[in-house]
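Asker: Read off the chains here:
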Amino acid sequence: MQPFDPEQTIAALATPPGNGALGVIRISGKDSFRVGQKLFKGKKNLTEMTGYEAAYGHLYTPEGKKLDEVVALKFVAPKSYTGEDSLEFYCHGGSAVISSVLTECYKAGARPASAGEFTRRALMNGKISLTQAEGIAALVSAENRQAADLALAQREGRLSKELEEICDLLTDLKAHLAALIDFPEEDVPMMDCDAMAERLLPLQNRLRALLDTYDSGQMIRYGIKTALLGPPNAGKSSLMNRLCGEKKSIVTPIPGTTRDLVEAHIRLDDLQLQLFDTAGLTETDDPVEAMGVSLALEKLQQAQLILLVLEAGGELLPEKWLSLAEKKPALLLWNKTDASLAEVPKELAERFPLQQKISALTGEGMSELSLRIKEAVKLHNLSSAQAVLLNDRQRDGAYRALTAVEETHTLLSETGNFDLAGVMLDAALEELYALSGKRADDAVIDRVFETFCVGK
Amino acid sequence: MPAVRMEDYDVIVIGGGHAGIEAALASARLGVKTGLFTLSLDDIGNMPCNPSIGGTAKGHLVREIDALGGEMGRAADANTIQSRMLNKGKGPAVYSLRAQIDRATYHLHMKQVLEKQKNLTVKQAEVKKLLFCEKEGKKAVCGIETHLGGVYGCRAVVIATGTYLAGRIFVGEASYAGGPDGSLAALGLTESLMEAGIPIRRFKTGTPARAYADSIDYSRLEKQIPDEEPEPFSLLFPSIPENKMDCYIAYTNSETHKVIQENLHRSPLYGGQIVGIGPRYCPSIEDKVVRFPEKERHQVFVEPMGERTEEVYLQGLSSSLPIDVQEKLLRTIEGFEEIRLTRHAYAIEYDCCDPLSLAPTLESLCCEGLYGAGQFNGTSGYEEAAAQGLVAGINAAKKVQGKEQVTFPRSESYIGTLIDDLVTKGVQDPYRMMTSRSEYRLLLRQDNADLRLTEKGYQIGLVSEERYQAFLQRKAEIEETVRLLQTTGLGPTPELNGMLEQKGTAPVKNGATLADLLRRPQIVLADLLPFAPFLEEKEKRVVAEAEIMVKYDGYIQHQLAAVERAKKMEARVIPEKFDYNKIKGLRLEAIEKLSKIRPENVGRAARISGVSPADIAVLLLALEKREEENR
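Residue numbers (my numbering), protein chains in the order written: chain A, 156 to 611; chain B, 375 to 1005.
Hints in this document: simulated from the structure, not taken from any laboratory. The structure presented is a predicted model; accordingly, all values stated were derived computationally and were not measured. Quick reminder that beta carbons are idealized off the backbone N, C-alpha and C, glycines included. Mixed in with the good hints, there may be bad ones.
Computed far set for chain B versus chain A, every beta-carbon distance over 12 Å [as the list claims (entries may be wrong)]:
#: 1; residue: K464
#: 2; residue: R575
#: 3; residue: R576
#: 4; residue: S589
#: 5; residue: K669
#: 6; residue: P696
#: 7; residue: M807
#: 8; residue: T809
#: 9; residue: E813
#: 10; residue: L816
#: 11; residue: A918
#: 12; residue: L960
#: 13; residue: A996
Listed below are the simulated DSS-like cross-link pairs for lysine-lysine, each with C-alpha atoms no more than 30 Å apart in a straight line [as the list claims (entries may be wrong)]:
#: 14; chain 1: A; residue 1: K282; chain 2: B; residue 2: K485
#: 15; chain 1: B; residue 1: K999; chain 2: A; residue 2: K185
#: 16; chain 1: A; residue 1: K185; chain 2: B; residue 2: K407
#: 17; chain 1: B; residue 1: K958; chain 2: B; residue 2: K799
#: 18; chain 1: A; residue 1: K234; chain 2: B; residue 2: K958
#: 19; chain 1: B; residue 1: K956; chain 2: B; residue 2: K777
#: 20; chain 1: B; residue 1: K912; chain 2: A; residue 2: K282
#: 21; chain 1: B; residue 1: K830; chain 2: A; residue 2: K316
#: 22; chain 1: B; residue 1: K799; chain 2: A; residue 2: K282
#: 23; chain 1: A; residue 1: K185; chain 2: B; residue 2: K490
#: 24; chain 1: B; residue 1: K799; chain 2: A; residue 2: K262
#: 25; chain 1: A; residue 1: K282; chain 2: B; residue 2: K490
#: 26; chain 1: B; residue 1: K956; chain 2: A; residue 2: K193
#: 27; chain 1: B; residue 1: K956; chain 2: A; residue 2: K234
#: 28; chain 1: A; residue 1: K234; chain 2: B; residue 2: K970
#: 29; chain 1: A; residue 1: K185; chain 2: B; residue 2: K485
#: 30; chain 1: A; residue 1: K262; chain 2: B; residue 2: K958
#: 31; chain 1: B; residue 1: K490; chain 2: B; residue 2: K999
#: 32; chain 1: B; residue 1: K407; chain 2: B; residue 2: K485
#: 33; chain 1: B; residue 1: K999; chain 2: A; residue 2: K282
#: 34; chain 1: B; residue 1: K970; chain 2: A; residue 2: K185
#: 35; chain 1: A; residue 1: K193; chain 2: B; residue 2: K958
#: 36; chain 1: A; residue 1: K234; chain 2: B; residue 2: K999
#: 37; chain 1: A; residue 1: K282; chain 2: B; residue 2: K942
#: 38; chain 1: B; residue 1: K999; chain 2: A; residue 2: K262
#: 39; chain 1: B; residue 1: K956; chain 2: B; residue 2: K970
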């Protein structure tokens, strides 16, 4: 971890680097206004003007060299993004300009902000929760619209909310258990072990659903790992080239042209695909021999989506490959609809219900492709209103919480040991609270007294 | 009245209740000259509320007190009239022993123990004033003054004033200054405490009516079945308790609740006369009826108060309603139609301190040598009081001796959990110990209290050599038994597999160790006894202990790992005079709380409510920076 020294004032470009129309430089920390004023000349004085006021002016070097024409916006602690005094300069976006403005900021007393430091300060100053901070981290790096939506949902605390709801239900159950243990002679409504175990099932499902979103989130943020699979010359490479818009694979009518693994990172409507062509792999129908092509096979195993490319009326894949494809989310593409319009074999239609007729050559059917892919990897139901696990920390925490809930379930339904079950519930709650950056404190005990009439 | 200079003590304990008793005994037993001042010698060790000791988590506390060389466990065993192990069938970590106690003989027992104790003088006097002096620029306590004008010098004081401190009784429209059970209140001392800078607040509690046993129709009540073989609290030198008397259960009904509802306006609790905050876990009957209107009935336990009295205690009916309403509502209860009361229920308000002003040693942060224990610290319950009395007494004596203070980590005892909760989280209402308050409750079982704490008691100096040797022997026997369970293999005989199948678990193919089989949820040690006859020769409690250790091993390891993680945070020491105001990035609430509570390490800081994980991150960085600068 970078040393977090809240005493220092930091500055950095707050908009994406590169030549945009506008570049925003953010300065945050107790010296922000003084640092800004050293560069700024305009009708207003930045240190003196009130907060949330804009000032028009120019930035100069101490030597008097004009750097840029800017609008400055002043934020006063704690009502700012970081919770500190901050200043934002809206500059013209050229990287040369930005770079020289930043250099002057550093000379004036600010230091370069390290990656994520603005957000970390916001976290430290209690402006945002931990999951919200992670949401912001994802938002900043979001490469496409859906990814940004997801991150935005996070920023708005959807995950925090979902976690809170799950914690709330677990706390209820734990309070029940605590009441039964700590007030054994009281008239606490007796819930038997099975009834309590029963109440854990929907929670397990919610945690599992949350864990599933990790994959969806990863697919949206980093692209769907997609394998092209099909018999030689079914048109995989043509499809790849159409998707890429450039000649990535060498396309020839000779089967087996594509010997090496070809990879491409492509954008398809609002999706990203990490596409790889596995042509070389399917040269043989002897899987033992194919195992030799270990890299390709490994990729196939890791694939989140298999695009099964077949030529209608043409050669089918050996059964072994079909059954492999069957185990993954798969979309069957009938290529070369321009050339042949033979009926789709019924047996295949049953095994691969998701199908699309395309022509890699003419582009026919390609417009529906992204929709079909979403159906295949179940992204079509994922709304931006949903809580999503964005990173490994969140996934691991949710996984450990799920494990603890499952163990509680087993303990309650198989042993009736309240002491162990209670401790496992504690563990689940602790994981979830760690995940949301909160603490359990005495939530359970408060709940006992709210819920039950105990008094001996 | 002119003050009279009387003798000096090293440690003076104010109050002769359950906290004061343990404090005075611990201090005297550690070899310092101790004086116990109490309003009335005839109230020593009184139980003005329920005539029982132990219960969930409280039973754990009593066993811990016993392991550390305290008195409560042995006194309870010697005066038990009925005993039950609660929570049987819910898992051994939450078994809890509770004994009904003969109130009169318990008092006499404790009075005599105090009288016989070397280095201890018990005096009947009301302490009116604390005397202060300066020690190294800090306020320190150096004596007391009694209502008779006696001035007694001392170097440490333990405040164990219970509900006596500025006590006020409420029964309906009647209200007067007084202590529990018709005793006097301690008036005047509060001013002295405020002068010492101790933040004072007002709490409230209540107690139910007592009745003539023969005025209740027991044939219409449920009888509570006691344990066949009562277990003692004291694990090493027990007097075996006996079941001598019975407890019964009655129920309130809609008629009872109607009487209460109709007369709520006459309750000082609802009329606003009572300002003190009452305990959540022990609501008055009017509170229960108001807060849980959907409940059709509430339990009432009829508990005998001793062998030489006909009085019974009506557990669950604490109230401050006027006496006519009390009698009217009681007569609606089945079996109570002809009830005659000996004493009416009352609420009592009293002064206590905000325990956030105490260190984990129970010494006040405001005044050197001043210790608090029991209800004065915001708790309730005899057992909670005794536990703190023991700790305050130990530390007061150690202070006088110039020895290191003793603290109790959460991971080692309920006593430590109790004190940490008090001085770190603070209390909103009188605090009661509960198993759910301990995150380490699989480790802190009542069965292993002696294994956990005898060594510590021995180091402190309260555990005798004889007792320590007995402990070492028991520990060795348990370890040997665990080893045997882990190493003794059983072959796949038809008898063994028959038993396993009958218990609903898989037969073994190539045999298994006793420990392997014991870890199966369906199997208990009793099932394996026919296959391991050597276990029969061992002491029953040793085998039971070994069984838990083996059966719970995985979970115990899990908790031990959590203890290790917590220790890492506790190893991050915060310097004594650390200035939180100078750390930027700490929220105002965190600065206030940390400056007030002054945690000695980051682990404790993290448990303070109002200090967020982000605050802790900031604090850690500030500490790191400071260390770097000092390097």
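Asker: Checked against the structure, which of the hints given earlier come out wrong?
Answerer: 1, 5, 7, 8, 9, 10, 12, 13, 14, 16, 19, 20, 21, 23, 24, 25, 29 and 31
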